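> Each chain, letter by letter, is given below.
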Amino acid sequence: DAGVTQSPTHLIKTRGQQVTLRCSPKSGHDTVSWYQQALGQGPQFIFQYYEEEERQRGNFPDRFSGHQFPNYSSELNVNALLLGDSALYLCASRPRGANTGELFFGEGSRLTVL
Amino acid sequence: QKEVEQNSGPLSVPEGAIASLNCTYSDRGSQSFFWYRQYSGKSPELIMFIYSNGDKEDGRFTAQLNKASQYVSLLIRDSQPSDSATYLCAVRRGSQGNLIFGKGTKLSVKP
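Chains as they are written, first to last, in our numbering: chain A, 50 to 163; chain B, 5 to 115.
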């Protein structure tokens, strides 16, 4: 049973460019959340998708957008990249029907903006 | 005041000792509390969660929750060098909220 999978694992972009990161949740999971983790910091919540809609959003600008597909997979898009967007981007999924809120993380996509 | 606060460490303990990791939170509406372990360069891995006052044990790990004092702790018994990692505390607001993480405490277990 595959866990949460993310792609690409590493990527390098330049300022002003756009990036798309992809996530496939664990089997039996239907809610996907995205987090940004800067070096030495805890993960910061970006947004959550459920039933193909953005349900909750953290304190991130509109440059950060996302999408969820009917098969529960998700994308994170970041436009007009800034140097400060360099971080590990983590996708996490939640089991269908889970009330306790636990999240299971993928291995992340490490973005470097030059 | 940050929502979830942890001492960044590093916390250094000898092999076989008990490691005690602490976390405080500011929102009294928080309902569920989570501990994650993150090895360097890897993603967070769920250790356990707790939502009732008191202790919850799972193998060498014990989570303790005190809602009146707004703190949650993680005890690791018989610490091993393989336990060396950053431990992240996370809090869930209400029954639908997402997880809010602290900065993490770096634990080093010396052989």
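If you're looking for bench data, these hints aren't it; they were derived computationally from the structure. Treat the numbers as computed from the prediction; the structure is a model and nothing was measured. Just so you know, not all the hints are guaranteed correct.
As the list claims (entries may be wrong) - If you want the ones that stay clear, here's a sample from chain B, every Cβ over 12 Å from chain A, calculated:
(1) I22
(2) Q35
(3) P48
(4) G63
To be verified - Straight-line distance between alpha carbons at most 30 Å, and here's what the computed DSSO-like set of lysine-lysine pairs gives:
(5) K62(A) <-> K71(B)
(6) K46(B) <-> K107(B)
(7) K46(B) <-> K62(A)
(8) K75(A) <-> K110(B)
(9) K75(A) <-> K107(B)
(10) K6(B) <-> K71(B)
(11) K114(B) <-> K60(B)
(12) K60(B) <-> K75(A)
(13) K6(B) <-> K110(B)
(14) K46(B) <-> K6(B)
(15) K6(B) <-> K107(B)
(16) K46(B) <-> K110(B)
(17) K46(B) <-> K75(A)
(18) K71(B) <-> K110(B)
(19) K60(B) <-> K71(B)
(20) K110(B) <-> K60(B)
(21) K60(B) <-> K46(B)
Glycine included, C-beta positions come from ideal geometry on N, C-alpha and C.
> Under the constraints set out in the numbered hints, which ones does this structure not fulfil?
Result: hints 2, 3, 5 break, sorted rising.
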